[in-house]
Amino acid sequence: MLKQALAVTSMGLRSIPQRLGQSLVIVVGLAGVVAVFTALLAMAAGFQSTLQATGRADVALVMRGGSQAELNSGLTRDQGTLVKQAPGILQGEDKRPLASAEMVVIAELLKAGEKTGSNITVRGVEPAAFALRPQLKIVEGRRFEPGLRELIVGRGVTRQFQGAGLGETLRMRGSNWTVVGVFESGDANESELWADVEVAQSTFNRQGYSAVRVQLEDAAGLAALKDHLTADPRLNVDVESEQQYYSGQTKQFRQTIGALAGVVTFIMALGATFAALNTMYAAVGARAREIATLRAIGFEGLPVVVSIMLESLVLALAGGLVGAVLAYVLFNNMAVSTLGANFTQIVFSFAVTPELVGNGLIIAVVIGMIGGFLPALRAARQPVTTALRAA
Amino acid sequence: MTRTGFVLANLGRRKTRTVLTLLSMVMAFLLFGLLQAVNVLFAAGADFVGATRLVTQARVSFTQSLPMRLLPQIESVPGVEDVMWQQWFGAVWQENTQLIFFAADPTRLRAVYPEYVMPDAGWKAFEETRTGMIVGRSLANQYGWKIGQKIPIASNIFPQDDGSKNWAFDLVGIYDGKDAEWQRATNVGFINFAYFDEANQFGSGFAGTYTLRLSDPDRAAEVASTIDQMFENSPDETKTQTEKDFNLGFFKQIGDIGLIVRWILFAVFFTLLLVVGNTIAQSVRERIPELAILKTLGFSDGSVLAFVIAEAAFFCVIGGLLGLAIATPLGIAITNATGGSLPVAVDLQVWLTGAAAIVLLSLAVGLLPGLRAARLSIVDALAGR
Chain U
1 MLKQALAVTS MGLRSIPQRL GQSLVIVVGL AGVVAVFTAL LAMAAGFQST LQATGRADVA
61 LVMRGGSQAE LNSGLTRDQG TLVKQAPGIL QGEDKRPLAS AEMVVIAELL KAGEKTGSNI
121 TVRGVEPAAF ALRPQLKIVE GRRFEPGLRE LIVGRGVTRQ FQGAGLGETL RMRGSNWTVV
181 GVFESGDANE SELWADVEVA QSTFNRQGYS AVRVQLEDAA GLAALKDHLT ADPRLNVDVE
241 SEQQYYSGQT KQFRQTIGAL AGVVTFIMAL GATFAALNTM YAAVGARARE IATLRAIGFE
301 GLPVVVSIML ESLVLALAGG LVGAVLAYVL FNNMAVSTLG ANFTQIVFSF AVTPELVGNG
361 LIIAVVIGMI GGFLPALRAA RQPVTTALRA A
Chain H
1001 MTRTGFVLAN LGRRKTRTVL TLLSMVMAFL LFGLLQAVNV LFAAGADFVG ATRLVTQARV
1061 SFTQSLPMRL LPQIESVPGV EDVMWQQWFG AVWQENTQLI FFAADPTRLR AVYPEYVMPD
1121 AGWKAFEETR TGMIVGRSLA NQYGWKIGQK IPIASNIFPQ DDGSKNWAFD LVGIYDGKDA
1181 EWQRATNVGF INFAYFDEAN QFGSGFAGTY TLRLSDPDRA AEVASTIDQM FENSPDETKT
1241 QTEKDFNLGF FKQIGDIGLI VRWILFAVFF TLLLVVGNTI AQSVRERIPE LAILKTLGFS
1301 DGSVLAFVIA EAAFFCVIGG LLGLAIATPL GIAITNATGG SLPVAVDLQV WLTGAAAIVL
1361 LSLAVGLLPG LRAARLSIVD ALAGR
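So the sequences go chain by chain: U and H. Everything in the first sequence is counted per this note's numbering, starting at 1 for the first residue and increasing by one. Everything in the second sequence is counted per this note's numbering, starting at 1001 for the first residue and increasing by one.
For the record, the hints were derived by calculation from the structure and aren't laboratory data. Where is the CB? At the ideal position from N, CA and C, for every residue including glycine. Heads up, a few of these hints could be off.
[Said to hold, decoys possible] Below are the EDC-like pairs computed for lysine to aspartate or glutamate, each with C-alpha atoms no more than 20 Å apart in a straight line:
(1) U:Lys115 / H:Glu1243
(2) H:Lys1252 / U:Asp238
(3) H:Lys1239 / H:Asp1347
[Claimed, not checked] A few chain H residues that face chain U, going by a derived Cβ cut-off under 10 Å, partial list only:
(4) Thr1004
(5) Val1007
(6) Asn1010
(7) Arg1013
(8) Leu1023
(9) Ser1024
(10) Ile1153
(11) Gln1160
(12) Ser1234
(13) Leu1248
(14) Gly1249
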């Protein structure tokens, strides 16, 4: 039985070159489906991993209540000081709390080849900001000098946008800012411009901050900090860990891309299923006499069914692999950007993960099975005598 | 037998193959219809606003509020007919749904946007009700709001004087768009600026962005540069552009949707070319002796070529039209399901692009096998060589 199935399958597979054009239809059809599926979801995966890498569990972000994003939030100087004095915050080497009150504003930069500007986060930070983000390294130039109109710029910004390279000057609210350094961090920070918070405040005519980041003694201290701050009548704040804040931002993007990928993949998959059925019916038709001969000399129906389904599977899987490789070669690590919660661009890269490739191949296998099943049944059911007599 | 009948009879010979090829085609054009509609939405979606309006924003970013004191200067620029300003309210409905709400002056809003249609009573009520708001038809339908209701809307930016971010407004009017395209843009709400300006904790005097209606769209460039020069080197430098460019820039920021759509469509059509092309090539291969007989009977090379292209066209036309026909109500269903926030309209423009694709595809898949059939040597074909 097994031997029969193997024999018929290998015969079928070896005759594929004679039906190359037909067989290619399955391969290309599924390559298309899997490539589109993988590439779309690789975008969602890349965005998610960029934002997740940004947030740490032991750093708390304090914003004004109900703000949802740093851009909408605002705290006065006094409130900022109150937050920093809360218990449970790690002390720095200078015996002061390891906390950074930061101000977020938006500037516009041009993307290469575009005429309309894109929003970029300009973040005014205190010196502790660097200790709170140890992953951030200056790779060119130096840090900004406190008190001067100097900026450091993330690698993602220099890769995607013009006018913010090392040594260039940016004009914001009637004053000139010089880019003195470029930093890398491998996360969403790379999509930002950083400056001294005091200078940023005076330039943008703001007194307060957008949010305060504090280094907790440990991640479990978040609840205590939250209780302490929300109990203070002088404050009306939301407290969450950086990790929660950034993970929360990925939800909508994931849902949108997920829905798009779902609809597109479903329709394409239906089309590919019809194409696969077509191919396998043609294959069965071309081999009708051969199959009838096998049946006449004693082969059973089941091995025939199995062999045709296997052929369809092999072709589908080959197509799926081609699609996954295409998606990987064309899109993996390709940098793109979209609007984040702060209404500014977040630069991220497509991430073609093994999980996505696996799911793509599962889709290919399912389509291959469906595409092979009906034609296989027809082949097995065909009356031997009719098939032999057919021209 | 007519020539059309002959083509149809040939297609009927292998019914399974014809039906399956047709179905693949339907799926491809269904996807084409939907994606093209999305593409139009983002790429050309800003076209309908026309060029009669300019948007003046802070040069550094439109999220930076321009102060109210620029108003008299902007109003005095020759060519500027009406000026309004709008402040982004950061509206949040119930738990976490963000809505598009602006604080604006009712009279000025009406003057700058004559495309928004509402009975006079609605405009009058909006002017006279301090806590009033008006919303577009699609927004009202989505949440089932009725005129006369008090709607609780929170802001994620502005607290009231008492520190609470939970506001409530009286719905005094529901506006429509003047045509189908403007009707799609009725997902915006407006609250009374005078009340907002007074009742928010951050103080008054912040206008947000200015929107200017011009007397003559041809003067747009001139007016824009006049305004921007006026405020150069001040703390409130401005950037003035047409409303269309402003909207286009905004959509672009979300991402290069057009690029994604083009990649998907490329994948779909490449696959399709192969599927249909293969079916046609196969059917020509099977019928080589028959085609030779046709030629022997006196059919010209041109007619044989036409037969094959007609077969290809059958798949492309029927499949394409069916696919687009399914996409049209599906687009409406998606629009309704998303409450108008994703208006996927498979409209005339999409159908026309679809028609062009059908013609191109027919030729692309029919031409090669057709030429092969037309160039057949009768003697070789009949001899089975």
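Which hint numbers doesn't this structure obey? Those not satisfied are hints 2, 3, 4, 5, 6, 7, 10, 11.
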